[in-house]
Amino acid sequence: AQTVTQSQPEMSVQEAETVTLSCTYDTSESDYYLFWYKQPPSRQMILVIRQEAYKQQNATENRFSVNFQKAAKSFSLKISDSQLGDAAMYFCAYRRVFGSSNTGKLIFGQGTTLQVKP
Amino acid sequence: DAMVIQNPRYQVTQFGKPVTLSCSQTLNHNVMYWYQQKSSQAPKLLFHYYDKDFNNEADTPDNFQSRRPNTSFCFLDIRSPGLGDAAMYLCATSRMGSYNEQFFGPGTRLTVL
Numbered sequence: 001a002q003t004v005t006q007s008q009p010e011m012s013v014q015e016a017e018t019v020t021l022s023c024t025y026d027t028s029e030s031d032y033y034l035f036w037y038k039q040p041p042s043r044q045m046i047l048v049i050r051q052e053a054y055k056q057q058n059a060t061e062n063r064f065s066v067n068f069q070k071a072a073k074s075f076s077l078k079i080s081d082s083q084l085g086d087a088a089m090y091f092c093a094y095r096r097v098f099g100s101s102n103t104g105k106l107i108f109g110q111g112t113t114l115q116v117k118p
Numbered sequence: 119d120a121m122v123i124q125n126p127r128y129q130v131t132q133f134g135k136p137v138t139l140s141c142s143q144t145l146n147h148n149v150m151y152w153y154q155q156k157s158s159q160a161p162k163l164l165f166h167y168y169d170k171d172f173n174n175e176a177d178t179p180d181n182f183q184s185r186r187p188n189t190s191f192c193f194l195d196i197r198s199p200g201l202g203d204a205a206m207y208l209c210a211t212s213r214m215g216s217y218n219e220q221f222f223g224p225g226t227r228l229t230v231l
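In the order they appear, the protein sequences are chains A and B. To convert, note that position 46 of the first sequence is 46 in our numbering; the numbers rise steadily by one, no gaps. To convert, note that position 51 of the second sequence is 169 in our numbering; the numbers rise steadily by one, no gaps.
Here chain B stands alone, though its shape is the one from the complex (with noise of 0.2 Å):
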């Protein structure tokens, strides 16, 4: 079945140690994006790829980078983990388009001790 997956399920760090967490898809989509939804939180968006062009969000602190080296997988680095970033980090994506619907991965709940 075509669907979007991420790994780790569960990630647990130390305090200022980097992390990554990565994002495949098998549904071809030119679009992925970042989500981070802390607890009870809606989910936020930190950026997204539109093919390999990369986008920011503004408050998107300097902390988080992604990767994107094809079209299959994009990837969450976190270089320097506080306390204040552990939560649920989402993947989703999209063909190019407004109507057409996110497909949300199972998402990369991360702890930082």
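Pulled out of the complex, with its shape left as it was, chain A reads as follows (with noise of 0.2 Å):
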């Protein structure tokens, strides 16, 4: 079964500043997805960031990205420039490829929050 672990429960970061929150994963899979979720307070959960498993590029939108390490199972979200706006619980999730013997479910890390300081 594969696992997501979110080490970091909480994080703070200056305003402007960057941070980066980590994940790790275990599967035995060579071919699988990979996502972090922000969730702010009382509001729904939205896709901050997405990568394919076999694609050694890592993946950026905008201020965020990831340092996808794949022989260590090492999936790392940088966020530059840091916002008031970007304070929310984020959660690492796994995805197996999609199959007639699978769910399509995500696997979720245990979250971290993240504060940030104006």
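Hint data in this document are derived by calculation from the structure and do not stem from the laboratory. Please note that the accuracy of each hint is not assured.
To be verified - Below 30 Å or equal to it, Euclidean Cα-Cα: the simulated BS3-like pairs (lysine-lysine) are: (1) K135/B <-> K73/A; (2) K135/B <-> K78/A; (3) K162/B <-> K135/B.
Said to hold, decoys possible - Selected chain B positions facing chain A (in silico; Cβ < 10 Å): (4) Y153; (5) Y168; (6) F193; (7) R197; (8) L201; (9) S212; (10) E219; (11) P224.
To be verified - Computed footprint of chain B on chain A; a stretch qualifies when at least three of its residues, placed anywhere within it, have a C-beta under 8 Å from a C-beta of chain B: (12) 74 to 87; (13) 104 to 111.
Predicted model, so just to flag it, every value in this text is computed and none were measured. Note that the Cβ used here is the ideal one computed from N, Cα and C, for glycine as well.
Put the two chains together into one complex, using the hints given.
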């Protein structure tokens, strides 16, 4: 079974600074997908960034980028130029390749609460 | 705007009194998911529908049931809520394919008295 671990329950960053959230996972599969989701307080969860395991190039979305280390099974999220609106709980998630024998479900880590200080 | 809608946003029920949570989507996605998220924890999948095919997670209690009468709507029924079922219930939708994003609704917070 696949597992996802986020070892930082809470992180804080000064506005305009850079912060990195850690995520490790365990799997025996070679092909899969990884996601970072953001859940602001009392608001719905939204996708921040995603990465296909077969791609060596790290995904980037504006101020958000990942450091994907497949051999180490590590998938960290870097937020540059942090803004007050980035304050939220961030979940790392793993998804198996969609197929007849699996549900396509997301397996989430425990989450990291990010505080952004003005 | 296309979206995932959950009603009600807040639901209070009594111990043992059946409750139904609803989810609707305007995205025309063929997959719909129900997650349970307890306070400060990761969401945990209860079950999902791929079109009309129902897929139950192995550890989902029998107390939880689901219905999907059409593409747009999906319901979560809790037959006899216990105190341990108090949680946020998240509905999500997706097109088929692992690369595709899951779109989440705002959730229904269930309180059991």
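Do the hints match the structure? See the list:
1. Restraint check for K135/B and K73/A: the C-alpha separation of about 45 Å exceeds 30 Å, so the hint is violated.
2. Under the criterion of a C-alpha separation no larger than 30 Å, the hint pairing K135/B with K78/A is inconsistent with the structure, at around 45 Å.
3. Distance hint between K162/B and K135/B is fulfilled; the C-alpha atoms sit about 23 Å from each other, no more than 30 Å.
4. For Y153/B, the shortest C-beta to C-beta distance to chain A is roughly 8 Å, which falls under 10 Å, so the interface hint holds.
5. Because the smallest distance between the Cβ of Y168/B and any Cβ of chain A comes to about 8 Å, under 10 Å, the interface hint for this residue holds.
6. For F193/B, the interface hint is violated, since its Cβ never comes within 10 Å of a Cβ in chain A; the closest pair sits about 19 Å apart.
7. The beta carbon of R197/B is not positioned within 10 Å of any beta carbon in chain A (closest approach about 22 Å), and the interface hint is therefore violated.
8. Given hint, L201/B at the interface with chain A, is violated; its Cβ is 22 Å from that chain's nearest Cβ, farther than 10 Å.
9. Of the supplied interface hints, the one on S212/B holds, with its beta-carbon coming within about 7 Å of a beta-carbon of chain A, less than 10 Å.
10. For E219/B, the shortest C-beta to C-beta distance to chain A is roughly 5 Å, which falls under 10 Å, so the interface hint holds.
11. Given the 10 Å rule on beta carbons, the hint for P224/B holds: about 4 Å separates it from the nearest Cβ of chain A.
12. Given as covered by chain B, the stretch 74 to 87 of chain A fails the check, having 0 residues with a CB less than 8 Å from a CB of that chain where 3 are the minimum.
13. Counting residues of the stretch 104 to 111 of chain A whose CB lies closer than 8 Å to any CB of chain B gives 7, which reaches the minimum of 3, so the coverage claim holds.
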